[in-house]
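Student: Chains A and B are the protein sequences, given in the same order. Counted the way the numbering used here counts, the first sequence spans residues 19 to 176. Counted the way the numbering used here counts, the second sequence spans residues 275 to 737.
One thing to keep in mind: the hints can contain errors.
[Said to hold, decoys possible] Keeping only pairs whose Cα atoms sit at most 16 Å apart, straight-line, the calculated EDC-like set for lysine to aspartate or glutamate is: (1) A:Lys95 to A:Asp164; (2) A:Lys71 to A:Asp50; (3) A:Lys153 to A:Glu124; (4) A:Lys127 to A:Asp147; (5) A:Lys153 to A:Asp170; (6) A:Lys20 to B:Asp341; (7) A:Lys153 to B:Asp409; (8) B:Lys350 to B:Asp409; (9) A:Lys127 to A:Asp89; (10) A:Lys20 to B:Glu344; (11) A:Lys20 to B:Asp342; (12) B:Lys534 to B:Glu444; (13) A:Lys95 to A:Asp118; (14) A:Lys28 to B:Asp342; (15) A:Lys70 to A:Asp89.
[Said to hold, decoys possible] Derived DEER-like restraints, expressed as beta-carbon distance ranges: (16) B:Phe615 to A:Asp76: 37 to 45 Å; (17) B:Pro692 to A:Ile27: 48 to 56 Å; (18) B:Glu346 to A:Tyr43: 47 to 55 Å.
Think of the hints as simulated: they come from the structure by calculation, not from any bench. Yeah, the Cβ is synthetic: ideal placement off N, Cα and C, and Gly gets one too.
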Amino acid sequence: MKIRTNLIIKILMTVFLFLYLGALYLSDYTKDVSMVTIESYMTSHTSITSLKKRERRDLSRYFSIEEESTDGYLFYKDVSPMSVNEILIVRARSRNQASDFLRAAEDHKASQENVFGSYGTDQMALLGDAFVESKGNYVCYICGPDAAAWHDAFISLI
Amino acid sequence: MVFSNIFFIYCFLPVFLLLYFFIPGKTAKDIILIAGSLVFYAWGNPIYLVLMVFSAGFNYYMGMDIDDAETEPSRKGRLIFAVIINLLILCFFKYYGFLLDNISSLTGVSIAHPELDLPIGISFYTFKNLSYIFDVYTARIYSQRSFLIYGVYSTMFPHMTAGPIVRYGEIEDQLYERQISIPRLGIGAEYFIKGLTKKVLISDNLAGIYEPIFQSAGQIPVLTAWIGILAYTFKIYFDFSGYSDMAIGLGKMLGFDFQKNFDYPYISGSITEFWRRWHISLGSWFRDYIYIPLGGNRVSTPKHIRNILIVWALTGLWHGASWNFVLWGVYYGIILLIEKFLLANFLDTIPEICRRIYTFLLVMIGWVFFSQTSFPAILRYFGAMFGPGARGFVNSTTLYYFKTAVVLFVISFLTCGPGLQNRFKRLMKNTPLIAVVLDIILLCLCTASLVYNSYSPFLYQQF
Numbered sequence: 019m020k021i022r023t024n025l026i027i028k029i030l031m032t033v034f035l036f037l038y039l040g041a042l043y044l045s046d047y048t049k050d051v052s053m054v055t056i057e058s059y060m061t062s063h064t065s066i067t068s069l070k071k072r073e074r075r076d077l078s079r080y081f082s083i084e085e086e087s088t089d090g091y092l093f094y095k096d097v098s099p100m101s102v103n104e105i106l107i108v109r110a111r112s113r114n115q116a117s118d119f120l121r122a123a124e125d126h127k128a129s130q131e132n133v134f135g136s137y138g139t140d141q142m143a144l145l146g147d148a149f150v151e152s153k154g155n156y157v158c159y160i161c162g163p164d165a166a167a168w169h170d171a172f173i174s175l176i
Numbered sequence: 275m276v277f278s279n280i281f282f283i284y285c286f287l288p289v290f291l292l293l294y295f296f297i298p299g300k301t302a303k304d305i306i307l308i309a310g311s312l313v314f315y316a317w318g319n320p321i322y323l324v325l326m327v328f329s330a331g332f333n334y335y336m337g338m339d340i341d342d343a344e345t346e347p348s349r350k351g352r353l354i355f356a357v358i359i360n361l362l363i364l365c366f367f368k369y370y371g372f373l374l375d376n377i378s379s380l381t382g383v384s385i386a387h388p389e390l391d392l393p394i395g396i397s398f399y400t401f402k403n404l405s406y407i408f409d410v411y412t413a414r415i416y417s418q419r420s421f422l423i424y425g426v427y428s429t430m431f432p433h434m435t436a437g438p439i440v441r442y443g444e445i446e447d448q449l450y451e452r453q454i455s456i457p458r459l460g461i462g463a464e465y466f467i468k469g470l471t472k473k474v475l476i477s478d479n480l481a482g483i484y485e486p487i488f489q490s491a492g493q494i495p496v497l498t499a500w501i502g503i504l505a506y507t508f509k510i511y512f513d514f515s516g517y518s519d520m521a522i523g524l525g526k527m528l529g530f531d532f533q534k535n536f537d538y539p540y541i542s543g544s545i546t547e548f549w550r551r552w553h554i555s556l557g558s559w560f561r562d563y564i565y566i567p568l569g570g571n572r573v574s575t576p577k578h579i580r581n582i583l584i585v586w587a588l589t590g591l592w593h594g595a596s597w598n599f600v601l602w603g604v605y606y607g608i609i610l611l612i613e614k615f616l617l618a619n620f621l622d623t624i625p626e627i628c629r630r631i632y633t634f635l636l637v638m639i640g641w642v643f644f645s646q647t648s649f650p651a652i653l654r655y656f657g658a659m660f661g662p663g664a665r666g667f668v669n670s671t672t673l674y675y676f677k678t679a680v681v682l683f684v685i686s687f688l689t690c691g692p693g694l695q696n697r698f699k700r701l702m703k704n705t706p707l708i709a710v711v712l713d714i715i716l717l718c719l720c721t722a723s724l725v726y727n728s729y730s731p732f733l734y735q736q737f
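Please construct the entire structure, taking both the sequences and the accompanying hints into account.
Tutor: In structure tokens:
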């Protein structure tokens, strides 16, 4: 009787573990969408083109991310230095790299908060609502009045 | 949550300690400790709290299950089941992506897979729970029948996220009865501030030196490459030993005595000695649960060599799911073999200072494997250090880095040995008031630095 109870407990624990791991696996699953497809979709279905498209030098300047180390990126930023409106979606080559990129995005947000903390009430409100997250190998930093819509569009793609 | 965080130091810790100290009764204190540990762990990513609690519950149950088995085959079967489930969890989060990536590279077939975040401290708590299971199986300890007590051991926040890997047997007595007092709180606070100083004032500032050097590794002169790796060498020591000091200090505040995890490794006279002083709890884990069961050194020479290489490849792999870590482990395995079979007598004949320089240089070279995450990056950095890939020997940027780093290097050099710390201990004994003032000044400096700087996690937390 005791042996049977032990066996049932072990089976239940194993089943629970597999269900939990399976749920985690599925929740973080991302489709393999190229950055070209993401950029094409984001530029035609959202208002990100109100910002200026940025190149490798800006990626390195604002996020300390080198273009060569990525698997593609999309970076749009307002031309005004007083604006915090920007969107960066970068695809990493590995999970470790995605963690590094996420840290870079968090650092960028912290530095923006340092800059605008003492006088930019509107900017601080937008930074407070900014999205800084990673899903699979993708990392995004999205800030601006339309951040939620841009974020939803991006998430629906992957 | 990390220890070097304003919220942790000035909100979480004081509230937690007040509750822990003033709630009467050991059971109530145990409940507070478990609850505080769960809040601490869940702060960043609550989804993985389930995993940590499952791991504690599973190993608690399996400990009793192994103990209750009546025959040896049955005990062995239960041990194997417990080990498989623990390793399954570790491999799922840490090595699964690495394995699929390698299969993809070998076969040319692209296998898409999600990249899950690594649960914080998973390697540490899995190894801690495994040590408990092994110790129950080998009858070094009796299994714990109270989930509350096992829960305290398994989830305790001071050593949860980055070690030391505390064995159940080391703190078993304190799990039943521990001394909680104001003098111990003071000693614990002093350890904590010492660790915080290492992390915030030394380690975090060293990062500003090596990071830009590593990023431009293909275009730097020889001397800059050496400055970069020297900064990393000190950084990783102060980062990890700082965390361990904070963990030990928090343990003392709560009434626990954890073994030291670092014993001034950079003053070692050989790599063998270095590994007796660096990350002591991990080294002893691999010695007791892998190396000795494989036969240790009581086997033929080829098997002894095999055992050492297996242990060091696994030690490397434990640090990360990447070939550079395996290479780093094998590098140490090979040096240890050379020291054991070829250099043992020779090293004893040369002056102490030469032995220390020899060890320090080899350790610095080892950190290149550790810090550069791909083969091309490793080769590029070695190229810069030894000439073939360097842009000359020295340039104006080198002098800038040198001027920026020299004070930190001097402080690092002075504080990585026992001299300065022994002086502080004497000061603490002779004129405690001055020592307390010094601690308060250091805490204020750390606080100022934490307020100014952004989030900086511990390097070893990612393992």
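Student: Which of the numbered hints above does this structure break?
Tutor: Hints 2, 7, 9, 13, 15, 16, 18 contradicted; others consistent.
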